[in-house]
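K.L.:
Spelled out, the chains give:
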Amino acid sequence: MPGKPEEIKMVSNAMANAPRRKMMSLLADGDRTVGEIGEAVGKSMLDYHLKILEQAGLVEIKDGKVRLSEFGKNFMEGKSEKGPVKAVDLSQAKPVEIAEVRQLIPCIADSTRFRIIANMAPPLAGALKHLEPLFPRGRYSEKIDALIIQRGDVLITIYGTGNVTMTMIKDEAEAMSALEGLRSTINEAIAKGVAPAPREKVRVEPMEIRKYLPQTDCGECGEQSCYSFAIRLMGGEVSLDLCSPIKDEKYRQNLEHLRVLAEYI
Amino acid sequence: MRSAFYLLDSAPYGSEKAFGVLNAAVVGLGKMEVTLGLYGDGAYLALANQDANGLGVPNLADILYAYGEMRVFAHEPSVVERGLFEEELIETVELADDEQFLEAMEDSDCLILL
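Chains A and B, in that order, are what the protein sequence lines are. Numbering follows the working numbering, in which position 212 of the first sequence is assigned residue number 212; successive positions increment by one, without gaps. For the working numbering, count along the second sequence from 1 and bump the result up by 265.
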């Protein structure tokens, strides 16, 4: 069972590929023959991908049959783990001791703002996903093992490895205070040892908002397109009232949809 | 929305190519669908924990972290050939086999390389 750092890296790199992730979730539902996997996922480079999964210790292949190894099973169960089990892990997490800004990169979209790369140590690793409910607009991404937090314009990403990035920051002082804020919120939760109960969440995407907008790109709202209006609407920078075509009778249903969606922004 | 595939096929440090491709790709974010493809020696850019101190150039891994929304594909056979598969890679990098890598290039409206 993988335990050494290089073996853990093998597993994480084996899972950093879409066809292999599909194979793993297929196998989590039951054993399959090589042929069946080929049909479901695609035959190209099938043997190669299976070999990578086997080398990472995630699957076992015998006589043309593929099944998850014990480690593979645990790995996939860990991924879909839900509910109160989560709280246990948080009590074992170590509080964040160091939180420092590493680099400021000027923002290309807005030269008065910066993108920040910062560092948190010790890294939160497995505890990260249990922290998701702490942040009103927070979302844990399994794929990149990162917690993404939205606060107005600012988007904060905390990676399991300890890297932290922030967008649309005014200066280093703002970055430091945001970082300190994160550290104290996280440490407070770790000190309690219990994560708050997961909240019911609805994720709204700009594309979803755009779907209900008139999509005429008329520019009456002052934006170049309905898509950019949708993005600003999500950021809470503009109000739906600025869109006058949506008030037309034929869009009545769309307007209702948008008002519901706006509740989740 | 138009899409562009930026291809980096040379080592990240030692020339300004990687820095140039990264900057060009970042400028397009939000205006286009941007994909950065790391091929050949370019695959070294996928490594986590890069240390550019003493080289007098920015840490390029930090740029990838700063623009986490950018889609980054590393050509997996290039990664494996260079013995990087057992190394820690940047979380936002997706490994792509020959076919996926080619498909991503073909699906883009234009291909840009320096």
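Derived by calculation from the structure, the hints in this document are not laboratory data. It cannot be assumed that every hint is accurate.
Stated by the list, open to error - Below 30 angstroms or equal to it, Euclidean Cα-Cα: the simulated BS3-like pairs (lysine-lysine) are:
(1) B/Lys296 with A/Lys43
(2) A/Lys143 with B/Lys282
(3) B/Lys296 with B/Lys282
(4) B/Lys282 with A/Lys65
K.L.:
State for each hint whether it applies.
P.N.:
Going down the list of hints, with the structure as the test:
1. B/Lys296 with A/Lys43: It is violated: about 35 angstroms lies between the C-alpha atoms, which goes past 30 angstroms.
2. A/Lys143 with B/Lys282: holds, 29 angstroms
3. B/Lys296 with B/Lys282: Satisfied, since the Cα-Cα distance of roughly 22 angstroms is no more than 30 angstroms.
4. B/Lys282 with A/Lys65: Judged against 30 angstroms, a Cα distance of about 46 angstroms means the pair is violated.
Checked against the numbered hints above, the structure breaks hints 1, 4 and satisfies the rest.
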